[in-house]
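Enquirer: Spelled out from the first residue to the last, the chains are:
2 protein chains.
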Amino acid sequence: MLAIAYEEAVRGGAEGGVPIGAALFHHDGTLLGRGRNRRIQDDDPSTHAETAAFRAAGRRPHYRDTTMVTTLSPCWYCSGLVRQFGISRLVIGESRTFHGGHDWLAGLGVEVTVLDDEACTDLLAGFVSAAPELWFEDIGGPPGEAQSAVRRSP
Amino acid sequence: MLAIAYEEAVRGGAEGGVPIGAALFHHDGTLLGRGRNRRIQDDDPSTHAETAAFRAAGRRPHYRDTTMVTTLSPCWYCSGLVRQFGISRLVIGESRTFHGGHDWLAGLGVEVTVLDDEACTDLLAGFVSAAPELWFEDIGGPPGEAQSAVRRSP
Chain C
1 MLAIAYEEAV RGGAEGGVPI GAALFHHDGT LLGRGRNRRI QDDDPSTHAE
51 TAAFRAAGRR PHYRDTTMVT TLSPCWYCSG LVRQFGISRL VIGESRTFHG
101 GHDWLAGLGV EVTVLDDEAC TDLLAGFVSA APELWFEDIG GPPGEAQSAV
151 RRSP
Chain E
1 MLAIAYEEAV RGGAEGGVPI GAALFHHDGT LLGRGRNRRI QDDDPSTHAE
51 TAAFRAAGRR PHYRDTTMVT TLSPCWYCSG LVRQFGISRL VIGESRTFHG
101 GHDWLAGLGV EVTVLDDEAC TDLLAGFVSA APELWFEDIG GPPGEAQSAV
151 RRSP
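If you're matching them up, the sequences are chains C and E in order.
Under full-length UniProt numbering, think of the first position of the first sequence as 1, with each following residue one higher.
Under full-length UniProt numbering, think of the first position of the second sequence as 1, with each following residue one higher.
Check before you lean on any hint, since a few could be wrong.
Just some of the chain C residues that point at chain E, by a computed CB distance under 7 Å [what the hints assert, rightly or not]: (1) Asp44; (2) Thr51; (3) His62; (4) Cys75; (5) Trp76; (6) Gly80.
Every beta carbon over 12 Å from chain C, so not counted as near; a handful from chain E, in silico [what the hints assert, rightly or not]: (7) Ala3; (8) Ile4; (9) Arg11; (10) Asp116; (11) Glu118; (12) Val128; (13) Glu133.
It is worth saying that the hints were derived from the structure and are not from the lab.
Everything numeric in this text was worked out from a predicted model, so none of it was measured.
Even glycine gets a Cβ: it sits at the ideal position worked out from N, Cα and C.
For reference, chain C alone in the conformation it holds in the complex (with noise of 0.2 Å):
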């Protein structure tokens, strides 16, 4: 299943974007739509890997059936996105690069794997130290610091 996200990872950061990606299956093994983070290429600040391939998924009355595969740990968005629409497993390729809530997701019951599968993490790693900028954008800043400056808010 990991390889389908990677593949969309690769086709993004071929396009010049961000290279995550993801991919929503049935349990049963179907695969219910898959995308990539589409920020640069769309000039779209909403459409990260796991919403792109929700997107695709398309409307179901329900998502409890269903797991959401991403190259990257996903972010509080993301991650929220889970939550809410009760996708049940979560597989992921890394968390080295980029720790998101996927600590929160377990504590709720939803059943992660963390894969730290090495392409993940070489192909993001990669874009990071080229365009940190982007990267930054991408997470509403550097590392901590949408959070601290959340706190620092009058």
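Given chain C, work out where chain E should sit, using these hints.
Expert: Below, chain E without anything else, positioned relative to chain C:
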């Protein structure tokens, strides 16, 4: 500011959609983007009011100086958006029809204002009683079901 979000919600309702609207403002009062839930209109489960307003606001290096205004307490997906991008203020029309993640955000330092606006409540409550199946689809199942389904998952 709520007037613009409410106008979006009314427009969404008139289109046959889920009547929830949102707008993103700079702290200086400038409107950056506005939008409404488009699940039904675009057959797109990923477009909640807040994500539509965020997308319309476009790419910014950060969102620390912005306020998200929404007619309804943001679901976990949209609460995650607020957290990840460091949106520092949140103004909510009502939280009677649905209580999302705004307490969580307040605990993280986001400045949250709940207005308990009757017009927002009436608009959405009318939709929920007329089309409960569409409403439940929009939030991933009847209240609590998505989460408890996650907990039941093997």
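Enquirer: What are the numbers of the hints that this structure violates, sorted from low to high?
Expert: 13
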